[in-house]
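Residue numbering for the sequence shown follows UniProt numbering, starting at 1 and increasing by one per position.
Do not rely on the hints blindly, as some may be mistaken.
[As the list claims (entries may be wrong)] FRET-style restraints, in silico, Cβ to Cβ:
| no. | residue 1 | residue 2 | range |
| --- | --- | --- | --- |
| 1 | C98 | P67 | 32 to 40 Å |
| 2 | S74 | E26 | 34 to 42 Å |
| 3 | E77 | D32 | 31 to 39 Å |
| 4 | S74 | E28 | 29 to 37 Å |
| 5 | W54 | A29 | 16 to 24 Å |
| 6 | A20 | L45 | 17 to 25 Å |
| 7 | V70 | D5 | 13 to 21 Å |
| 8 | V73 | E26 | 31 to 39 Å |
| 9 | G36 | M69 | 28 to 36 Å |
| 10 | P67 | S24 | 41 to 49 Å |
| 11 | R21 | M69 | 28 to 36 Å |
| 12 | E28 | E77 | 33 to 41 Å |
| 13 | M69 | S24 | 35 to 43 Å |
| 14 | V25 | S72 | 34 to 42 Å |
No wet-lab data here; the hints were simulated from the structure.
Keep in mind the model is a prediction, meaning the values are calculated, not measured.
Every residue gets a Cβ at the ideal spot worked out from N, C-alpha and C, and that includes glycine.
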Amino acid sequence: MTPRDFGAWLALRSLGEAAARTGSVEREAVLDYMLGEEFELAGYLGLPVSYRHWNHQLRQPILITGPRMVASVSPQEGYLHPRTPLDALGVDEGESTCRF
Numbered sequence: 001m002t003p004r005d006f007g008a009w010l011a012l013r014s015l016g017e018a019a020a021r022t023g024s025v026e027r028e029a030v031l032d033y034m035l036g037e038e039f040e041l042a043g044y045l046g047l048p049v050s051y052r053h054w055n056h057q058l059r060q061p062i063l064i065t066g067p068r069m070v071a072s073v074s075p076q077e078g079y080l081h082p083r084t085p086l087d088a089l090g091v092d093e094g095e096s097t098c099r100f
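Make the full structure from the sequences, and use the hints.
In structure tokens, the structure reads:
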């Protein structure tokens, strides 16, 4: 699976999961759920993935690999964000000028 395939798979899986959990296919209901704190999706990367409500970016762990194995998964212990561990990676809401 290429990165493009994985992105498409996660996008469709996110929509399907949100529609199933809300029992709705209405845009606002699905989007509100996907951007809410309770939304988590198994992305099979070690931690569940989710979306930031303020810029709609996908939060996912970073796998640090060697030639034959995963050496580590970031975010690293000791550098965790109070809201979600995955917000420890990248610019935080208060520091970003990006708004949706």
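Verification of the supplied hints:
Range check, C98 to P67: about 36 Å between beta-carbon atoms, so the 32 to 40 Å window is met. In this structure, S74 and E26 meet the distance hint of 34 to 42 Å, their C-beta atoms being roughly 36 Å apart. Taking 31 to 39 Å as the suggested C-beta distance range, the pair E77 and D32 conforms, at roughly 32 Å. For S74 and E28, the Cβ-Cβ distance of about 34 Å falls inside the hinted range of 29 to 37 Å, so the restraint holds.
At roughly 20 Å, the beta carbons of W54 and A29 sit within the given window of 16 to 24 Å. The beta-carbon spacing between A20 and L45, approximately 21 Å, falls within the hinted interval of 17 to 25 Å. Distance hint for V70 and D5: a CB-CB separation of about 20 Å, consistent with the stated range 13 to 21 Å. The hinted window of 31 to 39 Å between V73 and E26 holds, with their beta carbons roughly 36 Å apart.
In this structure the hint that G36 and M69 lie 28 to 36 Å apart at CB holds, the actual value being about 35 Å. Separated by about 46 Å at the C-beta atoms, P67 and S24 satisfy the suggested range of 41 to 49 Å. For the pair R21 and M69, the beta carbons lie near 34 Å from each other, so the given range of 28 to 36 Å is met. One distance hint, 33 to 41 Å for the beta-carbon pair E28 and E77, holds here, with the actual separation near 38 Å.
About 42 Å separates the C-beta atoms of M69 and S24, a value consistent with the hinted range of 35 to 43 Å. Taking the beta carbon of each, V25 and S72 are about 39 Å apart, inside 34 to 42 Å as hinted.
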